[in-house]
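Heads up: the protein sequence lines correspond to chains U and L, in order.
Per our numbering, the first sequence starts with residue 576, numbered consecutively.
Per our numbering, the second sequence starts with residue -1, numbered consecutively.
Misleading hints may appear alongside valid ones.
Said to hold, decoys possible - Below, computed lysine to any residue pairings styled on SDA-like, alpha-carbon distance capped at 20 Å: (1) 347(L) to 712(U); (2) 573(L) to 464(L); (3) 691(U) to 156(L); (4) 161(L) to 464(L); (5) 464(L) to 620(U); (6) 161(L) to 347(L); (7) 70(L) to 280(L); (8) 348(L) to 330(L); (9) 513(L) to 620(U); (10) 110(L) to 620(U); (11) 781(U) to 810(U); (12) 113(L) to 620(U).
Said to hold, decoys possible - Stretch-level coverage of chain L by chain U, calculated; a stretch enters the list once three of its residues show a Cβ under 8 Å from a Cβ in chain U: (13) 40 to 54; (14) 99 to 105; (15) 140 to 150; (16) 204 to 212; (17) 242 to 249.
FYI, nobody ran anything at the bench for these hints, they're computed from the structure.
No residue lacks a Cβ here, since even glycine has one placed at the ideal position from N, Cα and C.
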Amino acid sequence: MPESNGRQATLKVYRGTKDKGEFQSYKVPVEAGMVVLDAIHYIQQNFDPELAVRWNCKAAKCGSCSAEVNGMPSLMCKSRMDSFKDGEDICVQPIKTFPIIKDLVTDVSWNYEVNKKIKAFSPSPDADWTIYQEDIERVQEFRKCIECFLCQNVCHVLRDHERKDNFMGPRFMVRVAGLEMHPLDEANRMKYLKDEGHIGYCNITKCCTEVCPEDIHITDNAIIPLKERVVDEFYDPLGKFIRGVLGGGKKK
Amino acid sequence: MSEYEIREHDVLVIGAGGAGLRAAIEVSGQGVSVGLVCKSLLGKAHTVMAEGGVAAALANVDPMDGWQTHFKDTMNGGKQLNNWRMAQLHAQEAPDRVKELERWGAVFDRTKDGKILQRAFGGHTWKRLCHVGDRTGLEMIRTLQDRGVHQGIEVYMECTITKLIKDGDKIAGAFGYYREDGRYILFKTKAIVLATGGTGKAYTVTSNSWEYTGDGQGLAYDAGAELIDMEFIQFHPTGMVWPPGVRGILVTEGVRGEGGILRNSLGERFMFKYLPEATRNDYAADEAEAVTWVNAALAGTRTEARRPPELSTRDNVARAIYTEVKEGRGSPHGGVFLDISYQDSERVKKKLPSMYHQFKDLADVDITAGPMEVGPTMHYTMGGIRVDAETQMSRVPGLFAAGECSGGMHGANRLGGNSLSDLVVFGKRAGAGAVEYVKGITSEPKIDDKFVKEAIAEMEAPFLLKDGKNPYDVHKELNKIMSTYVGIFREEAELATGVAKLEELKAEVEKAGAKGTKAFNPGWHMCRDLKNMMICSEAIARSALSRHESRGAHSRLDYPNTEKAWGTKNSACSKGPDGKMVLEHTPLPEMPAELQDLFVKKEPANA
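Go ahead and model the full structure; you've got the sequences and the hints to work with.
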């Protein structure tokens, strides 16, 4: 990596609200190791203190700086400026699935409303809290989620079909999976998944998995197992009867 | 006159990191109305960035551990300047708070026999840090967030408080604005818990996020509270140094806890020569002993070997790295080498996943194949709002503080892992303290409209300036002053210059202007943040200038020794009647005899 290459990059940044806006061009000097978020900060500090952007950690831990960079949904703090070709314009726009508040900032409050409807962690009152590492590996993967909402952004049920009224989206299937597969949780969220979260709408195109900055295997490890459980619970009466007779409790 | 929304809660919690969330859960759990205000979205507070773990003497890995040893380590780490009662409560209550997190859904890494796993950290005698890989803060904040949400706490996201309002000497409300559209909001409340974190953004190189502008300290100072021990700024020894775009980003102490080795450009394992005489016997005498300790830790077995010198306290390691670099033995980009690549690469990826990705994605360095380059980064403010140890109330009736914005708990230097535990222990206590206070109130506090008008005028002012200065330029100037004159090593003339330059900068802060509309306007926001950073910076610089000794994180080149006489004094800054900062040295609360005994006996009897 060179110390400094005297290079300049041109950023085209969306400026405006949900009703009206346009892309504005800025020339920004590039230094080694710089990411798109640094370039946005440079614009803010030197050209336009009004440029609205969300960020917190700048280390891919908080999931605040989600945007679409040259069409690719990504965290700006992880998008390196040297990943673009010399002279290539870098187009930065807000994530599409949520209403724009201003510039790169969108209204993601809907996600917080969905989260409220998910039944909380419900451990057995007499649990002795001996838990083995091998029994929580799956859950720990789901709990890596930093709530950047990029998976929600690319999910076509939300993005193209705008079914926020009726579909929880991948983020919250991951959350439910983390609760359902916790070895000590005793609640049952299957009816919610089927009738309110509408897990059935997902047709496992894996777009969510592809954009996850935490590399969570959203589709394979969270959504598909949950879909199987919903099927077992509601569409497999014989299996359900047998499990009842055998005294099997909640599937873990 | 601008219109504003009015909301009412018995208790208002400002800040939604670990301490704020835990406080709000406590208040709401006791059936008292609480509002939780956060500057960012919920779940994005600085706690999310904490990596290494939460310290609690559960004794799951090292059965010898107990609260007395944790207390002793904390006081020794803080160079005995801690509020002893806070350190005691913290050590005693941390295990229950951690177990509580588990019962609320936190999924910690496990020992072989199914208990919460604990790792070694600097200054901790035993393996004490409960953790989830290197993303412990995320686990904690998500757990508390979900607990709070399901408890029905009302959350005001992306809302910034700009003024606390009193009725006589008592808290009556808080004024602020919503970032989304800039509309104003007035909270009527009987008690306020400040949990706003630190003030790292006063420095150029910092591990802190944009939120860390000393808001709680600034608001409390203006409302009449005291700021104590502000000279003690923790420079975390290991921040990234290269490439420039990532300078300052934290490299968890967990790397050293897992056996990471520090070397200079000559290949020397230099930490052996920087161990202070007083604690030298707690650390390995040579590389062979350090290797024995690491091997036992990796195997999960007990050993008589003492821990590696890299696990000295943060103040000491930061000074050592600074000195190595200054004397010409640094790495190519002005740091030193931190190496964990000698260990099995799959294990490193499992135990330090975000470090692996951070270096791979941002610096093209594979930490399983070679060393990292690291150097000090401004990380934590030990000082803060002076509070009562039991209730966390400041000297302003109804004003409470918890977590990093409060002072006393960590003395002159904080041990790694003691922050996350501090948040939950004192977050709960502050919540309980606020509830008790509210229940004891006999008459409703009233809000005089003139204070609201003042608050609105203050926020409107940056838009009224003709040719206002760019607030980011003023911020850079502040960063330069603090980094140049009030850094790791300090001396009289530089500190005095720093104080003088800050004095000059005050006028520039008043000239910082805003353009455009109030809707999500970061420049406008920065105009207000600057004021809080200025209060904190002045308190840091003045306190540092006044303390004629070196202790913990406060290193004076002209006063290199730790002086007994200074060990009984806190620096305390408050706002004088003329609006100028007043600095006093107040007596440190004296530790009772039975606790003093712990420092005499070789092995404390742990209960």
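Hints versus structure:
no., hint, in the structure
1, 347(L) to 712(U), "holds, 14 Å"
2, 573(L) to 464(L), "violated, 30 Å"
3, 691(U) to 156(L), "holds, 18 Å"
4, 161(L) to 464(L), "violated, 25 Å"
5, 464(L) to 620(U), "holds, 19 Å"
6, 161(L) to 347(L), "violated, 45 Å"
7, 70(L) to 280(L), "holds, 13 Å"
8, 348(L) to 330(L), "violated, 29 Å"
9, 513(L) to 620(U), "holds, 13 Å"
10, 110(L) to 620(U), "violated, 51 Å"
11, 781(U) to 810(U), "violated, 24 Å"
12, 113(L) to 620(U), "violated, 49 Å"
13, 40 to 54, "holds (count 7)"
14, 99 to 105, "holds (count 5)"
15, 140 to 150, "holds (count 5)"
16, 204 to 212, "holds (count 3)"
17, 242 to 249, "holds (count 5)"
Going down the numbered hints, you'll see the structure goes against 2, 4, 6, 8, 10, 11, 12, while the others check out.
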